[in-house]
Amino acid sequence: MPVMTYRDALRSAMAEEMERDESIVLLGEDIGLYGGTHLVTNGLIDQFGPKRVIDTPIAEGGFTGAAIGMAMAGLKPIVEMMTWNFSFLAADQIIQTAAKLHYFSGGQVNVPLVVRGPNGGGVQLSAQHTHSLEGFYGHFPGLKVVSPATPADVKGMMLEAIRNPNPVIFLEAGALYGTKGEVPEGDEVVPFGKARVAREGTDVTLIAYGRQVPLLLKVADKLAEQDISAEVIDLRSIRPLDTETFVESVKKTNRAVVVQEQWRYFSVASEVCAVLQHEAFDYLDAPVERVSGAEVPAPYARNLEIAGFPTIDHVISAARRVLYLEK
Amino acid sequence: MPVMTYRDALRSAMAEEMERDESIVLLGEDIGLYGGTHLVTNGLIDQFGPKRVIDTPIAEGGFTGAAIGMAMAGLKPIVEMMTWNFSFLAADQIIQTAAKLHYFSGGQVNVPLVVRGPNGGGVQLSAQHTHSLEGFYGHFPGLKVVSPATPADVKGMMLEAIRNPNPVIFLEAGALYGTKGEVPEGDEVVPFGKARVAREGTDVTLIAYGRQVPLLLKVADKLAEQDISAEVIDLRSIRPLDTETFVESVKKTNRAVVVQEQWRYFSVASEVCAVLQHEAFDYLDAPVERVSGAEVPAPYARNLEIAGFPTIDHVISAARRVLYLEK
Amino acid sequence: MRYQYLLLAIVFIILMKAARRATRVKSATYGTISTMSMVRDPDGPAKAVPPVPARPSHTGQGIDHDNAISSADNRQEAAMAPIIAPADTFTEGQAQVAYDAEALVGFYQKMVEIRLFEDATTKAFRQGKIGGYLHVYSGQEATGTAFLGAMNRDKGDVAIAAYRIHAHALLLGAHPNNVMAELYGKGTGIVKGKGGSMHLFHAEGGMLGGYGIVGGHIPLGPGYAYGNRYQGGEAVVQLYLGDGSIHNGAFHEAANLAGLWGKSGLCPTLFILENNQYGMGTSVERATAMTELGKKFESYGIEWERVDGMDIQATLKVAEQVQERVRETGKPYAIEAFGYRIVPHGAADFLEQYRSKEEVAKWREKDPIPLLHGQLIEMGIEEERLEAIRAEAKAMADEAVKFAEESPDPDLSELLTDVYADDTYVEPAG
Amino acid sequence: MRYQYLLLAIVFIILMKAARRATRVKSATYGTISTMSMVRDPDGPAKAVPPVPARPSHTGQGIDHDNAISSADNRQEAAMAPIIAPADTFTEGQAQVAYDAEALVGFYQKMVEIRLFEDATTKAFRQGKIGGYLHVYSGQEATGTAFLGAMNRDKGDVAIAAYRIHAHALLLGAHPNNVMAELYGKGTGIVKGKGGSMHLFHAEGGMLGGYGIVGGHIPLGPGYAYGNRYQGGEAVVQLYLGDGSIHNGAFHEAANLAGLWGKSGLCPTLFILENNQYGMGTSVERATAMTELGKKFESYGIEWERVDGMDIQATLKVAEQVQERVRETGKPYAIEAFGYRIVPHGAADFLEQYRSKEEVAKWREKDPIPLLHGQLIEMGIEEERLEAIRAEAKAMADEAVKFAEESPDPDLSELLTDVYADDTYVEPAG
Ligand SMILES: Cc1ncc(C[n+]2csc(CCOP(=O)(O)OP(=O)(O)O)c2C)c(N)n1
Ligand SMILES: Cc1ncc(C[n+]2csc(CCOP(=O)(O)OP(=O)(O)O)c2C)c(N)n1
Ligand SMILES: [Mg+2]
Ligand SMILES: [Mg+2]
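Respectively, the protein sequence lines represent chains V, F, W and L. Going by this note's numbering, the first residue of the first sequence is number 1, and it counts up by one from there. Going by this note's numbering, the first residue of the second sequence is number 1, and it counts up by one from there. Going by this note's numbering, the first residue of the third sequence is number 1, and it counts up by one from there. Going by this note's numbering, the first residue of the fourth sequence is number 1, and it counts up by one from there.
There may be inaccurate statements among the hints.
Claimed, not checked - Some but not every residue of chain F turned toward chain V, in silico, with C-beta under 7 Å:
id, residue
1, Gly135
2, Pro141
3, Ala274
4, His278
5, Phe281
6, Tyr283
7, Asp285
8, Glu295
9, Pro297
Stated by the list, open to error - If you want the footprint, here are the derived chain W segments under chain L, 3+ residues with CB under 8 Å:
id, stretch
10, 228-242
11, 321-327
What the hints contain is simulated information worked out from the structure, not anything from laboratory work. Since the structure is predicted, the reported quantities are computational estimates derived from the model, not experimental observations. Idealized CB from N, CA, C, for every residue including glycine.
The whole structure should be built from the sequences, with the hints applied where relevant.
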C-alpha cells in the first residue's frame, strides 16, 4: 500500500472523486489560486478550473448557505472552513438549514454537503483559533459528524462523506496533516458509525479520536513498558457514535479512560462516560476517567498552551488511576 | 411574599436594576415599541426611553457584538435574543469575542454582558424555533450559563447576571413565562453555581433544570403515590455546574435520573452521568438513566412534537428502572 | 386565569371593532373580501368571528397587562414619521405583453383565492386549530402573484422564500387542501405535518421553501442558481426576502456572492425584496439610516428597480421581462416591491403598539384586491363574475379546511423519519 | 523528511533572490529599510537571513509539492487583471494644519520604528522564536501612523482593529519591549503572553485589540462609540478593517447600526478601511463585483472619502480633520485608505501563488517609507539625520528582541487566570 500524508490522502480522495463525478465542486477561502492555507486543495484549481474550485470572499455563512443551495440543485459541494474556528459564522447555516432541511421539507429536499477543514489546536494559534468542535456539532441530529485520525481513514471517510446524501461535518485533525500512513489504493470507503480498534489490549481501554489517537498509541507503548496492556479505540464517527465497539472493549478490560482536547463539560468524553456507566455498569471496576483540555480559552504562550492540552503523562496517570495503581 | 409570573419577575429584576444603575441598557429586536414578542420588556421603553431600550434591526451578530463594545465602554448591556434559536447568528460574537476577550486581553478588558431570551420548545414552533442550548453554550469557558426555573430564581439570577462582571448566557424557560410563584421582595440575589433541592426525597434523585423542573415535581407527586420518595434537584447553573449538590443527593438515594429536553448526545445529561459515575461510583445502585428529547429536528404536528419531548411517563418509567421495578 | 382570558377577549373585540370601523368604507366596495378574519355572508352583513382568546406567540400562557404604557414621550421619541410610498420612483416596466381584462380576471381570481384561504387560516389559528406561528400575506398578494406567474417550470425555475409563503405554495400549484392540512399539522400536509406554516415545500412545482430564520434562506438562492447553471440548466431562481432581512449579514454575503458569480453569468437570481415597511414591529426608518432599500443592491453590482407592489398591473408589467432578463444574462437582478402588510405580523400578534390604526387604514385603501376589482369593473367586467370568483375561492378555502379537519394526524412513526436521507437510525424520546 | 526540508530551503532562497532582484533599484534609495527580513549592515551589502525552512501555518509539518501547478489556463481564468490604484479619486483633504518638514521627520521616525520592529519580528518568526500567526504591516504604515496620530486620548479616543496591529500598539504608546515579549509568548508580554500577535491590547493608550476573526471586531466599534456617548463622553472610536472583511456579514450589520445610531449623534465611529487590495490571497476583484469599496458605506448612510494610504502627507491631511468631524457630529464616517501589502499575508505564507512578483515590485516602488524619505530629502532634511533615526529604530528593535529573549516564560499559574473577571475557579487540563 502506498504511504502518504494525511493531507495528500485527503486531497486525493477529493481529486479522485471529482474526476469520477462532475457534480462535485469545492468552495472556500483561498482554496484556489492561493493553494489553500493548509495546501489541502493545492493544485486542484489547475486540475479542475475555477468553476469547480471556487475561491470565495470571507463570508463563511454566505458561502456555506450557497453550498446548501447548490446541493439542492443537485451538486455535491465540499466547503472548506479554512479552520473550524471560523465556522461559528456558519453555525446558523449548518445547524438551522443544512441539518434540518430534509426534515422540515418532509423529505422533499436532500443536502448532500460536506463541510471540511482543520479542527483542534495547532501551535500557538491562541484563543480564537483553537477549538475542538466535535461535541458542538455532534449534538445536532440531521448532521453526520466525523473526525478521522489516519491517512487511510481520512481518505476513506472523505469518499463516504461525498457520497453520503446528508450534510457531513468533516473534522480533520489539523495537527496531523503532515503525518504519514498506508492508504489503500482505489475506492476504499470507510463507512460512518464504526469505531476502530487501533490497538488491542486487555487491561484498560483508552478512547479518543482525531489528534489524540496517535497520542494514545504512544501511551499504550509506555504502559506496555509497565506491563499494562492498553486497548486503544479510535471513535472516528462522532454522530452517529458507535457505542458498541467501546462498550465491548470495556466489558473486556473493565476500565476506561477517555481523552479529548476539547473542554470537559458537555463534551464527547462526557457522552462516552454516560454510555459506559449505563451499558457496562456491571463491568466497570473503576470510574471511567476523563482527560480533557484546561477549562480556559487557549493561551498563546507555548508553555501555557502545552500545559492546557492533554498530555501523555495525564493519560498515563489516568490509566494508572483506573487500575488503582495511583490516586 | 408577592406572587408573580416568571415573566413579571424577570421584567421587574431588569426594571429595578435599571432604576438603580444607569449603565444598564437593553438591546434587541422589537423590545421597545412593539413591547417584546414575549412581552418581557413591555413598557420599559416608556419608563426608560429609547436610548436605554434600543430596538435593533434583525442582526443578532451585529447587535450582540455592539453590546460587547458597549460593555467595554463601561455599560452593562442586556441583549434580548428574541428566542435563542436566533443566537446561532450571534454564536461567533458570544463564543469568540465575549467569552474570550477578558482572557486574550490579559485581563485588560471586562465584558459585563447579559444575553437573555426564551430557550427550549414552545408549542408547535417546529424545527428552526425549538432548541435547548444549555450544553451548546455551557461548553465554553469564559461564559457563565444559567437556566432558572422559577419566578424567584429568574429574578434573583437576573440580578446576579447584571452585576456579574462576566458575559452571562441567561436561558429563560420560555414555556414557563406565564407560571406563577412567590418572589422575595427587594434585592435578593441568587448566586450562580448553586443547585437547588426543589424537593427532598430518599429513594431516587431526579435532576433537571428549566422547564423540566416543574415536570419533575409532578413526577415526584406521582411516584409518592407509588410510595417512592423522589428528591428533585434543579441545577439552575449550567456553567459553573454545581456537581456537589447532586452528587450528595445521589450518595443518599443511590439512584438517579437526569431529564432534559435537549438532544441526548453531548448534552447536560451526559455530563451529569459522567460526573456521577465518577464521584458517586461506589454509591450507585443502578446505572444513571437519561431522559432526553427524540434525536430529530422538532416536528410541527402537535402529536409528533409531544412524542418528541420527554414526558412524565418517560421519567416515571426511568425512575422505576433505576429502582429495578421495571426493565 | 379565566378572568385573564375574559379580559383578553374583551380587549380583542374592541380592537376588532376599531379595525372594522377604520376599513368599513372601503371594504364595502369589495364584497366578501376581508382580512381581519371576518367571515362575511355574501348576502348579509359582516359578522365578526367570535374571538377566542389570542395566545401569545410562545407559551400558551396568558399575557399580562400590568405594565401598561405610561410615557407617551419616550414612545414618540422612539417612533418615526410613517413612511410614504415613493410613488414617483416606481418603474413603469416595458412589458411586451399587455394584459387584457380577461387575463387580469385570472389574476384577480388567484389573489382572491390566496386572501380567502389565508382568512380561513387566521380563523383556524384563532380557534386554536392551527398552532405555532402563522404569517399571512394580506396586502402583498399582487407581488407574489405577478412574479411567481412569470416562472417557467419547463426551464426549471424555482422560488425560495422566507416564512410568509402560503401564497407561494398555492401559486406554484400546491393543492390548497394539503397546504391547509400542513397548517393543521396533519399527515396529509404538504410536508407531512412536519413543517407547518413556515416550512412549506412543493418541489414539484418549484417551491423550495419555506424558512424561518430571517435572512437564513437568502444564500441558498445564489447557490441554487449557480448549481443549476453549472449543470447547463437555464433556470431562474426567484428569491423572496423582506425589508427586515436586508440588514442581516446573510443578505450582504449572499448578494455579494450573487454579484460576483453573476460576472461569469453563473448566477441567475431574481431578488424580490418585499418592502412592506416593517420587520415585525420595526419600520424601515427605525432599522436603517439609508431607507432606499433597493439601492443597497448597488453595493454588489446588482441592478434593480422599484415597483408598486400593491398594484398587480404594475408588478405584471415588470415580472416577465425581468425574469427573462435574468435568464439571458445569468446575472442577478433585484426588484423592490413596495407595499404594506395590512394585517398583523403574525396571527398571534394582535397588539400593534408600533403603528397607528390610521396608518393601517390608509394603506388598506390601497389593498391590491379591491384595487384590481375596481379596475376590472371599469374595464367592463361584470360584478357577478367577480362575485362568482369570490364564491368559488371561498368554497375552495372551505373545502381545504374541511379536508384538513378530517385528515388524520401524522402517524407517530413519522417523528423519526426524514432526519437523514439514508434513513440512519435515530433514537426516540425517553 | 530531511530531503523535503532541503528542497524547501532551496525554493525559499530562489524566491528571496527573485524578490530582492525585483526591488533592488528602489531599495538602494532607502538604506537600511527592508521588508523581506533581510538584515542590512548599514555600511555593507545586504545579507539575506539564512532561511530556515518556512513552516506551513498550521501544523509545523512539511509542505508537499507533489501537486505542482499544471494548467496555466485554469489559473488565468481564475485570476483577474491587477488592480490599479484609482489615484484620481483620492481626496485632497482640507487640513487646517500644514505639516512642516520637522513634523514630517517625526512621522518618518514612527514609520521606520514600525518597519524595523516588524522586520525583527519576521526574522524571529523564521527562527522559530515567535509562534502562531504573525501579520506585519509593511507598506501600510502611512495609514496607521497618520490616523492613530490624530487620536485624542484626553477625550477618550480609542482604536479597535483586527490582527495586523503591531503598529497600532506601538503608535498608541505600548512599549516595544512588551510588544515583542508578547510575540515571544513571554510573561512580560503586553497581555502576559496570553494573546500573541493578533491580540495586542494596551487599554491605557486606547488600544482595545487585537481580534482574529475577520469582521468579528467590527460591531464592537459602534457599540463602544454608543456606550461612550451615552455616558456623556466625547470619544471617537477608530475602527480599522481590511478590504477582505467588508464582504462579511458582521461589517454589514455593524455599519448599519452605526449609521442608524449616528442619526441621533450617538455613534462617533471613524471606519478606517485599509484596502490593501487583498484579503489573504483574494484580490478585491475576485471578492466582489462592486470594487469601489468605500462606496459600500453609502448603503448605511455613512459618508466617506478615499485617500492614498501609502502617502503619509495625504493621510495626514485628512486624519485630524475627520477625527474632529466625527467627534462633533457623533456620526460615523469612513475612510478608504488605498494601499498595498508589500509583504506576504502572514510570516508563514511565503508561497505567493496569487500575485505576480512584478505586481509586488511595482507597488514596492510606492513604499511609504522611501516615499517620505525622498520627500524629506527634497525638503532639505539631511540624510545623516534620517540615517540616525533608522539606526535608533534599529537599536530599539534590537533592544526589544533582547528584552523578549531574556524575559521569562509566563508563570504556569497564568493558564488559569483571566478566564473570569471575578476569578471563578476553572479546572486545569487532565
Ligand atoms: C434571525 C431571526 N431573528 C428574528 C426572527 C424573528 N422574526 C420573525 S419574522 C421577523 C420580521 C421579518 O421582517 P421582514 O423581513 O420585513 O419580513 P415580513 O415579516 O415583513 O414579511 C422577525 C424579527 C427570526 N425569525 N429570525
Ligand atoms: C472569519 C474568518 N475567516 C477567515 C479567516 C482567515 N483569515 C485571516 S486574515 C484573512 C484575510 C483578511 O483580509 P483583509 O480583511 O483584507 O485584511 P488584511 O489581511 O489585508 O490586512 C483571512 C481570510 C479569519 N481569520 N476569520
Ligand atoms: Mg417586512
Ligand atoms: Mg486586505
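Checklist entry - For which of the previously enumerated hints does the structure constitute a violation, in increasing order of number? => result 6, 7, 10 and 11
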